[in-house]
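> Given the sequences, and given the hints that come with them, work out the whole structure.
Taken in order, these protein sequences are the chains called A and B. Under the numbering used here, the letters of the first sequence match residues 388 to 833, in that order. Under the numbering used here, the letters of the second sequence match residues 2 to 165, in that order.
These aren't lab readings, by the way, just hints derived from the structure by calculation. Bear in mind the structure is a predicted one, so any value in this text is a computation, not a measurement. Just so you know, nobody snuck in bad clues.
When the alpha-carbon atoms are kept at most 25 Å apart in a straight line, the in silico SDA-like pairs for lysine to any residue are as follows:
(1) A:K633 with A:H663
(2) B:K20 with A:G533
(3) A:K569 with B:E51
Output of the computed footprint for chain B on chain A, the stretches with three or more beta carbons under 8 Å from beta carbons of chain B:
(4) 468-482
(5) 506-512
(6) 546-556
(7) 569-578
(8) 634-646
(9) 719-730
(10) 733-742
To give a feel for the contact side, a few chain A residues facing chain B, derived at Cβ under 7 Å:
(11) W586
(12) S629
(13) G630
(14) I716
In this text, a Cβ means the ideal position worked out from N, Cα and C, and glycines have one as well.
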Amino acid sequence: MKILTEHIDVPQIETLAVYKKNGGYKAVEKALKKMTPDEVTEEVKKSGLRGRGGAGFPVGMKWSFLAKPEGVPRYLVCNADESEPGTFKDHYLMWKSPHTLIEGMIVSSYALGANTSYIYVRGELMYVINILEKAIQEAYDQGLLGKNILGSGYDLDLFVQPGGGAYICGEETALLESLEGKRGNPRNKPPFPAVKGVWQCPTVVNNVESIAATSWIVNNGGDAYAAIGVGRSTGTKLISASGHIKKPGVYEIPLGITVEEFIYSDEWCGGIRDGHKLKAVVAGGSSVPILPAEMILTTATGEKRLMTYESLSDGGFATGTMLGSGGFIVMDETTCIVHNTLTFARFYHHESCGQCSPCREGTGWMDKVIHRIEHGKGRKEDIDLLVDVAKKIEGNTICPLGDAAAWPVAAAIRHFRDEFEWHIEHPELATKEGAVFMRPGASWAQ
Amino acid sequence: MEGKNQIVFPAETLELVAKIIKRYPEGKQKSALLPILHLAQAQWSWCSPEVMDYVASLLHISSVEVYEVASFYTMFHLEPVGEHVIEYCRTGPCCLMGGVEVYDHLKQRLGIETGETTKDGKFTIKEVECLAACGWGPVFQIREKYYMQLSKEKVDEIIDELSK
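Spelled out as structure tokens, the structure:
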């Protein structure tokens with residue numbers, strides 16, 4: 388079942404003509420001519436679509452919070468600042484099929500009553516920005532954007548805004564600050580963007596994948612979308628698969644397949660690269676807890692773990708993780724967990740905006756302490772020190788970057804404490820090139 | 002380095018600047034800052050104080066509003082750089098795919114460390130965080146172009162090509 392990527396490999400699908408030939412822009416036609424904005428919102432609510440950027444908040448509900456005072460413009464801003472390590476699905480979708488996003492932007496903007504909308508794309512993806520701008524121009528030329536779209540009386544202008552290289556701008560209020568031409572410092576909430584967003588006007592911020600899905604929902608109805616998936620995990624999800632698998636790439640999966648199937652089936656990742664064994668997975672982007680092989684495949688109660696919001700988080704952080712952005716990073720037995728955790732700790736240290744001291748100072752501490760463990764200079768008390776620092780960051784910052792920085796470190800120690808200890812106790816071994824700790828009796832160490 | 006007087010966009014870029022400012026509501030022209038900084042860096046290769054002052058004047062904002070933004074975002078070079086700035090991804094997934102080895106080779110090949118520029122001014126190496134191309138790692142970026150699934154051999158080919 389493909390919703391977003393059904394035609395993604397059709398040659399020249401990036402052009403409006405080919406996109407249209409493959410059923411594109413029917414949702415614009417239907418929504419603007421046959422539905423009221425509230426009817427569109429109602430279908431999105433019924434679909435159960437949840438925010439695909441990582442938070443998983445129901446999209447329809449987020450839309451319904453939008454304040455609509457008379458005479459005040461409201462805005463839809465697409466969050467295409469994809470920067471969560473392990474995640475590259477929005478990059479892929481916009482690069483291959485820009486009209487899929489543009490069509491969703493038109494439908495969603497109509498539902499929200501926005502007459503100006505922005506797609507905020509991370510600045511590094513300048514080539515994708517060029518692809519989007521070309522596609523937007525085509526849409527203007529065909530009367531799908533601009534004044535009186537398809538004679539419906541609805542006006543929409545759509546612009547692309549480049550970022551400047553800052554992970555924090557994926558946080559929606561930081562993104563809005565950035566769109567205003569400022570540093571990407573997250574705002575205190577409330578007020579929420581739905582009341583005071585960009586330029587203090589009511590604003591909805593949604594991820595690329597969420598917005599792109601709304602076209603299919605308009606065409607086929609919210610119930611049809613909700614019929615895909617399991618429970619509150621409805622529809623399909625783009626999973627960015629990377630690491631030690633046979634076929635890295637972006638896969639659109641129906642939510643609800645097993646993790647095992649996703650990793651080992653030829654339809655998806657194709658299994659672990661030849662001659663190697665699964666050691667660990669970070670299932671939803673670098674922020675979510677890493678899980679060792681047996682825990683990612685099976686829940687604590689012995690059920691096969693599913694690719695759903697609920698199943699991945701089953702067991703809480705003790706034995707579970709999160710679906711997050713769907714950045715699925717697979718590691719085999721050659722992976723040094725300490726080194727991998729170091730790259731994440733360094734990442735959050737680099738990307739902390741510096742506004743809140745627990746995050747600004749704490750991420751620096753974690754980076755420094757893991758760095759010395761990795762380089763054979765670790766101290767016995769360092770592991771508990773890391774746990775302590777992570778605990779003091781978590782929940783004590785304006786935005787979720789603090790949690791995102793604390794979780795991967797805390798989880799790596801929770802599940803691979805012996806590997807950290809080995810680094811500290813055997814610095815001469817641990818710093819040898821290619822040397823990796825093998826846990827006695829572990830499935831990946833056989 | 003050009004003198005202060007020479008820092009002016011060509012006419013067609015100025016037209017583009019005017020068009021960009023119109024994307025935002027009246028009086029919110031500061032929103033154009035990031036797009037215009039990108040244009041400025043494409044024009045002058047780095048954001049010198051003079052370039053940033055010029056950008057400030059175009060948007061009718063104070064210079065410090067430009068400095069504080071340019072220094073926040075990692076894409077803007079606040080020091081002179083070489084003709085080709087190679088920005089490699091150092092984050093987890095690229096490392097899993099052998100990134101460290103490939104980047105070490107790159108540094109060896111150019112004879113410089115991260116943050117340095119070759120003597121002939123041709124190459125600068127910078128390390129950056131995740132470039133959202135994790136399935137195709139290791140990855141580096143030179144200006145707008147992504148180079149993916151890098152190997153030592155591929156790095157050599159790219160450097161050979163750009164050295165011509």
